[in-house]
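Use the sequences and the hints to build the structure in full.
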Amino acid sequence: MSTQIIVEQPDSTAAPIARRLAAQHDSLWVKYSLISLTLAFCTLFLILPLAVVLTEASAKGFAAYRQALVNPDTLSAIRLTLLTALITVPLNTVFGISAAWLITRFKFPGRSFLTTLIDLPFSVSPVISGLVFVLMFGAQGWLGAWVSTYDLKVIFAIPGIVLATLFVTFPFVARELIPLMQEIGKEEEEAALSLGASGWQTFLRITLPNIKWGLLYGVLLCNARAMGEFGAVSVVSGHIRGLTNTLPLHVEANYNEYNFAGAFASASILAALALVTLVLKTLLEWRQAQNRR
Amino acid sequence: MQLTKHFVWLWLAVIVTASPAGFAERTLLNVSYDPTRELYQAYNVEFTKYWQAKTGETVSIQQSHGGAGKQARAVIDGLDADVLTLAISYDIDKIAATAKLLPANWQARLPNNSLPYTSTMVFLVRKGNPLHIQNWDDLIKPGVAVVTPNPKTSGGARYNYLAAWIFAKKKYGSEDAAKDFIKKLYKNVPVLDSGARGATTTFLQRGIGDVLLTWENEAYLAIKEAAPDSVEIVVQPQSILAETPVAVVDTVVDKKGTRDLAEAYLEYLYSPVGQTLAAKHHYRPAKPELVDPKLLADFPKLELFKVNDEFGSWANVQKQHFDDGAIFDRIYGQ
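Line by line, the protein sequences are chains X and A.
In terms of our numbering, the first sequence opens at residue 1 and continues consecutively.
In terms of our numbering, the second sequence opens at residue 1 and continues consecutively.
Hints are computed from structural coordinates only; laboratory data are not their basis.
All values reported here derive from a predicted model rather than from experimental measurement.
All C-beta atoms in this analysis are idealised placements derived from N, C-alpha and C, irrespective of residue type, glycine included.
Careful, some of the hints might be misleading.
Claimed, not checked - Below, a list of computed lysine to any residue pairs in the SDA-like style, where the Cα atoms sit at most 20 Å apart:
1. Lys100(A) with Gly144(X)
2. Lys152(A) with Lys281(X)
3. Lys100(A) with Gln201(X)
4. Lys60(X) with Gln205(A)
5. Lys256(A) with Leu208(X)
6. Lys153(X) with Asp80(A)
7. Lys153(X) with Glu25(A)
8. Lys94(A) with Gln140(X)
9. Lys169(A) with Tyr332(A)
10. Lys281(X) with Phe7(A)
11. Lys127(A) with Leu115(A)
12. Lys153(X) with Ala99(A)
13. Lys5(A) with Lys31(X)
14. Lys212(X) with Val8(A)
15. Lys94(A) with Ala40(X)
16. Lys100(A) with Leu135(X)
17. Lys70(A) with Gln140(X)
18. Lys5(A) with Leu208(X)
19. Lys94(A) with Tyr332(A)
20. Lys153(X) with Lys256(A)
21. Lys255(A) with Glu56(X)
Stated by the list, open to error - Sample of chain X residues lacking proximity to chain A, with all beta carbon distances greater than 12 Å (derived):
22. Val30
23. Ser36
24. Ala40
25. Phe106
26. Arg111
27. Phe122
28. Ile128
29. Gly144
30. Val147
31. Lys153
32. Gln182
33. Leu220
34. Arg241
35. Asn245
36. Tyr255
37. Tyr258
See below:
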């Protein structure tokens, strides 16, 4: 009897295992059609447009491409775009962490209202985001008289561009961190505090390592939008060539001047900046993996 | 921690180097409308050379371009323009009236009503003119697609509209007939761009429409830059005189201490150099006697009607035709 059972055992389980395997894996047909669909989609909407940018940029030869890039107006647009990102991204990182910390670690009246408020820049059109600053700091705006008494330049100058970008990119970091910190919970932090760590130590040693990847992702998204923002910046910029044109605005200006090589050259720089941030992320991930070993 | 400190220093260093350094030299901001980009790019080079030779001072001229109405709005909202070179006197009137940045009589301060150059509106059609578009009547035939920008935001579009109105009123004899003609014309407009340059792009790059109504200078530029062998110009014997005025913005130049520079900048437009550049870019110079006659050969002799003669004033035009609920809204909405 006992031998029979031993023999029977594999037989009786073989069929369910096969069925279970079949349930876990899609049929080959589904698998390959999904893969080819994704590939086709990526090619059509990601790779082809990128290829168009690069071929159009180099359509008039490498010399023309270089010429378009060393043009003082292009250089100034690159500088302004980097400057804007360098100011807004760190500020919004600090804002984002503080907001996420406040919302997930404390209970207070109006908490859910605050969460909705943080999302506001996502839900209004960028044109409105720009226009509010014109209505506030413009010569006819609410604070217009005050601004002009002190001879400050806000809109149609760099501060306005930074403010509008700050507004538009505000939610990115906080939006990444809030669900993550809610999921992690506060037990580890409470443990650290009860063992005598200071608040700052707790943040650096416990919270930050836990939220690191979410934070990084939020910062990358924030950076991409800060460099690429068109609508809000267009409203407050004043479009002064070589002074208040960011890269996206410079691309449009060049396109409107029939300078297609210049437009696409600037666009390729914008794309390259995005790629640099991606490479940075990969580098950080790689370094992290090295440290773990 | 060490790494963080390095990052902070690096960040500060980059911000400081990336910030634009304070200009030691005086700068002038010229706020202009859409199609003048190429003219002022060339003119600014000539003017800075002239000013350097005359005074020894190096100055830099900054440009801002966009739809005329939008640009006027930006100046009212605080864009610090030293000089305005706009498409329609009404836009500068509005700046004078709303923001009080210059006196109401600004147009009397420079020669020829502050018009260093003028222009007119022409038809740009596909090469060989396959639909045989010769005059305004051909534009209202069924199946002809006409590209013109939105007269509420674009100066050029207002001239297009008014040119059509003048044509119809003169030919058919009454305001009602003109209204009817305009209604038929805008039935044939598939898309209203916000500015002249946008409409040109729609017509040339996107291939929409059979005829583009645009500035004479914009049509020549389009042929030269974008489509030498695919479009041609059709000129009407009668059209509208597009008066494109310039002005110094008193409040701004007094605050920035640039009055002498701004005034010289606009006066130099009336010099042989300025007039020649205008003609080269297909603007009709105010003083053609200063320009090589060969350059004037491209301008056909036309009968050009003035807005003030036909409609009284721009304020009238605005109230009757382009304000909210006025004639354009009523016909375009139907």
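Query - Given hint Gln140(X) paired with Lys94(A) - CA-CA distance at most 20 Å - result: 14 Å, holds
Query raised in the report: Once the closest CB in chain A is found, is it more than 12 Å from Leu220(X)?
Result: 16 Å, holds
Query raised in the report: Hey, Lys169(A) versus Tyr332(A), does the alpha-carbon distance stay inside 20 Å?
Result: 19 Å, holds
Query raised in the report: Between Lys60(X) and Gln205(A), does the CA-CA distance stay at or below 20 Å?
Result: The given pair, whose Cα atoms are some 18 Å apart, holds under the 20 Å limit.
Requested in this report: Beyond 12 Å from every chain A Cβ: check whether that's true for Arg241(X).
Outcome: 5 Å, violated
Query raised in the report: Lys255(A) and Glu56(X): Cα distance at most 20 Å?
Result: 44 Å, violated
Query raised in the report: Are the Cα positions of Lys153(X) and Ala99(A) separated by 20 Å at most?
Result: Roughly 17 Å between the alpha carbons, so the hint for Lys153(X) and Ala99(A) holds.
Query raised in the report: Lys212(X) and Val8(A): Cα distance at most 20 Å?
Result: 18 Å, holds
**Report entry** Hinted pair Lys5(A) and Leu208(X), Cα distance within 20 Å
**Finding:** 17 Å, holds
Query - Verdict on Tyr255(X) as a residue remote from chain A, using beta-carbon distances over 12 Å - result: 8 Å, violated
Query raised in the report: Are all C-beta atoms of chain A more than 12 Å from that of Ser36(X)?
Result: Nearest chain A Cβ is 32 Å from Ser36(X), so the label holds.
Query raised in the report: Holds or violated: are the alpha carbons of Lys153(X) and Glu25(A) at most 20 Å from each other?
Result: Distance ~19 Å between Lys153(X) and Glu25(A) Cα, so the pair holds.
Hint check: violations occur at hints 2, 3, 5, 11, 13, 15, 19, 21, 29, 30, 31, 34, 35, 36, 37; the rest are consistent with the structure.
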